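There are 2 protein chains.
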Amino acid sequence: MAKDFYGELQLGILGGGQLGRMLIQEAINFNVNIHILDPDKNAPCRNLCNRFVHGALDDFDTVYAFGKGLDMVTIEIEKVNVDALEKLEEEGVTVYPQSRIIRLIQDKGLQKQFFKQNNIPTAPFQLISNKENLANTAIPLPYIQKLRKDGYDGRGVKKIISEADIETAFEAPSLIEQWIDFEKELAVIVSRNDDGDVATFPCVEMEFNPEANLVEFLISPSSLPFEIQQRAELLAKKIAEDLQIVGLLAVELFLTKDGQLLVNELAPRPHNSGHQSIEGNFTSQFAQHLRAIFNLPPGDTAARSNAVMVNLLGEAGHEGLARYEGIEEILALEGVYLHLYGKKFTKPFRKMGHVCVVNEDREMAINTARKVQQTIKVIT
Amino acid sequence: MAKDFYGELQLGILGGGQLGRMLIQEAINFNVNIHILDPDKNAPCRNLCNRFVHGALDDFDTVYAFGKGLDMVTIEIEKVNVDALEKLEEEGVTVYPQSRIIRLIQDKGLQKQFFKQNNIPTAPFQLISNKENLANTAIPLPYIQKLRKDGYDGRGVKKIISEADIETAFEAPSLIEQWIDFEKELAVIVSRNDDGDVATFPCVEMEFNPEANLVEFLISPSSLPFEIQQRAELLAKKIAEDLQIVGLLAVELFLTKDGQLLVNELAPRPHNSGHQSIEGNFTSQFAQHLRAIFNLPPGDTAARSNAVMVNLLGEAGHEGLARYEGIEEILALEGVYLHLYGKKFTKPFRKMGHVCVVNEDREMAINTARKVQQTIKVIT
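Heads up: the protein sequence lines correspond to chains A and B, in order. So that you can map any letter, position 99 of the first sequence is 99 in the numbering used here, and since no number is skipped, the others follow by simple counting. With positions in the second sequence counted from 1, the corresponding number in the numbering used here is that position plus 380.
For the record, the hints were derived by calculation from the structure and aren't laboratory data. It is possible that part of the hints are untrue.
[As the list claims (entries may be wrong)] Derived pair list, reagent style DSS-like, types lysine-lysine, alpha-carbon separation capped at 27 Å:
{"id": "1", "chain 1": "B", "residue 1": "K724", "chain 2": "A", "residue 2": "K68"}
{"id": "2", "chain 1": "A", "residue 1": "K257", "chain 2": "A", "residue 2": "K41"}
{"id": "3", "chain 1": "B", "residue 1": "K421", "chain 2": "A", "residue 2": "K41"}
{"id": "4", "chain 1": "B", "residue 1": "K496", "chain 2": "B", "residue 2": "K448"}
{"id": "5", "chain 1": "B", "residue 1": "K496", "chain 2": "B", "residue 2": "K617"}
{"id": "6", "chain 1": "A", "residue 1": "K344", "chain 2": "B", "residue 2": "K496"}
{"id": "7", "chain 1": "A", "residue 1": "K237", "chain 2": "A", "residue 2": "K184"}
None of these values were measured; they are calculated from a predicted model.
Input sequences plus hints: build the corresponding full structure.
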C-alpha cells in the first residue's frame, strides 16, 4: 500500500507521549499525516501533528470517532479501547499492531497462557481471581503478584515474600509468578511487516532503578556470549511469527543464573529498551516500526557503535513545572545525545527524557553515562 | 541563557521549508517552542510547530509582528526583511545569525567586498550597476553575471560567453565574476556560538545537476589530500570568526585546477551541502545550529562513515500533486535513509526530499546513490 500513499496517508497514533513524539520525528521523513489522541491536553505530541484530539484512550466512542476515516491506526501505549479498534478494523481501517494482539498483551494472564501454548519459556505462573486464593498456591513463596490489566512502568506489580504480605496484596484479577533470581534482564526488539519480513535488533542489557522499577540504564549491544544473544533473538522472532504481528514487538527476557532465557513481558510498540537505537543502530526502532506498518522492507538493525541509554527521571521531591540542570555540562561530553520529551510538569520518577551515549569503547560509553546520570537533573 | 530556558524558550524560524522541517526534527529534542513564518500556507513545517504564521518573509510589518514577543529568531532562508530583524534586535529579541550578517550575505556584492577586505581568496569580480557597463569590463569574457540580490538555487546567475550574450544579461545591480574552470566544488559547514567556540564539519565534495544548477550528489567526507581539506576548514573558521557569526555558516568553495581554494558563496544557516550529516556525522548540522544559537558546546562533527547525499528533485514534465515512485525499492538497499519534505506539489527540479546513503566503503556508497538516483522519481 505504501507506494501510493505518501503525502495522503492519514496515520492515527493512540497516545501522544514520548513514544509518539519520537515516532513523529521519524514519520516526518515519510511525509505522512499524523493524528494524535491523548487524554493530556499538554501531551508531548500536541504541537507536532496535523490533528490533536484531547480524549480518553480507553473510551469506545472516543477511540472509534478518532479512528474513523483514517487509513491506519497504531499505538504508543497498550491501554486503549480494543473494542473500538476491532470495529475500526471491521470497517476497513488498518490497525497495526492488530487489535487481537493488543487485547492479548493487555492481559498479562492471557499473555502467559500464550507463552505456555506456544512453548515459549517463561517463569512458572498461576492465575488468581481473588486474594483469598493467595493463601494456597502451587507457586511457593516468595513470588511476584502482577495485576492482569493496567500495570505499567512498574505499577501493578508486588513482591510477596511472606504470608503477611498477602494482607496487602492486590484484590483484583492477577497472576502470580515464581520469583526469578535472574542474572540479567535482556530485551530484543523485533519487527514484522505484512509480507512476513522479520528482523531483530541486537540483544540489549538493562539495568533497573530498583526504587522506581523503571529501566534506567541500557547497554547496547549486549556483551553476553553470542550463543545466548542468538537464542534471545530467535525467541523474539518466534514470538513475532507466532503472533503474526505487524509492527514492532519488544520482548523482555530474564537470563537466569543457570543460563535459561525466560520471556518476561511483551510490548507491541516502540519501547524504552530500544531508545538507544536512534543513534546506536543503523535503523532506529521508530523508523523500523514505520517500515513494518507501511509494509516496507526492514532496515539494517546492526549496531553502529556501543550505546548506553540513561532515562532522565524527575528528581525525588520535585513536583511542578520542569526545569533542567546540567544540560550544558553533559553536552560538552563526547558522544552525548539529549532527548527531552516536552513534558511541562515533572514529578518524582516521571520519564522526562533520555540521554544516549555512543562510543567505540564500551567502558568509555558506560563511564560517560554514569557522569551524565550524576550531572543532569530534572527539578522544579 | 540555555540553562533556564528549556520548555519556555520561544524560538521563531523565518521560513518553513525543508530546512525548517529538519531543524524542527532536532529542536524537538531540546524541548523548545517553535514559531514558523512562511508565505506558503502548505509549507512543510505547517503542522509541526506551536504557531504557524502565514505571511511574507520580506514584509517589515509581518516579520516584526511575528518576532515581537519571541525570545529568539533564526532563519532557514536569507531572503527576509532585515530591517525588521534589526528592530527586533534593538528591542531585545536575540536574532541569530545576527541581522548585520544576513544583510551582508543577502547582497552578493557586499559579500564579495567582505572577502576582499578580509583577504579571503575569491574569484576576481567587478560590481555592475547597469547592463551597458558589461560592454567594457576589467574581467575578460567568458564571465559569470550574478544578481546582487535574490538569487537562489541557481536563479539569478548567467554565464556570459560572448558579446552577443550581453543582450540577454540581467538589467539590475549585479556583479561579474571571472569564469573559474574549477576542478571540484567543495563545502565546509562551520558553527560558532556566543562564547566563541568554533567547529567545522569535515569538507565535502559536491556534484551539480548542470541542467537545474542544484547540488544533486554530495560526498562526505572529501577524499582530497588532507592539506587541501585542512586549508578549506581553516578558511571556513576564519570567515566565521571574521563575521563573528552566531549560528551555522555554510562556505562553498572552488578548488581550481592549479590547487587554489576560492570562496564562492556563504549561507548563514543549515545548507543543502550538510544534509548528509544527519546520518553521516556524529552531530547533524541541524543539531549543531541549535547548539550554536543556544550557546551550548559544539557537538562532535567527525564523520561516522562515508555518506553520499542525493537530492530528490521533481521530475521534468511533471507539475501538480506529488507522487513518489521507487520508495520500496530504494529502502531495500543497504544504508539508505529517506527524507521527504512534505511538499504537496511537485514541479520540475523542485527539491522534494533527499536520500542519504551510508557505507563503510566509499565506492559502495556512491554506487548505491547512483542506483537510488535511477530508481526514485517524483511524479504526478
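The hints, checked one at a time:
1. Straight-line distance between C-alpha atoms of K724 of chain B and K68 of chain A comes to about 24 Å, which keeps the hinted pair within the 27 Å bound.
2. Proximity of K257 of chain A to K41 of chain A is assessed by CA-CA distance (about 46 Å); at most 27 Å being required, the pair is judged violated.
3. Our distance criterion of 27 Å between C-alpha atoms is met by K421 of chain B and K41 of chain A, whose separation comes to about 25 Å.
4. Proximity of K496 of chain B to K448 of chain B is assessed by CA-CA distance (about 36 Å); at most 27 Å being required, the pair is judged violated.
5. Using a Cα cut-off of 27 Å, the hinted pair K496 of chain B and K617 of chain B holds, with the two alpha carbons roughly 16 Å apart.
6. Distance check on the hinted pair: K344 of chain A and K496 of chain B sit about 50 Å apart at the alpha-carbon level, beyond 27 Å; violated.
7. At roughly 20 Å between alpha-carbon atoms, K237 of chain A and K184 of chain A fall within 27 Å of each other, so this suggested pair holds.
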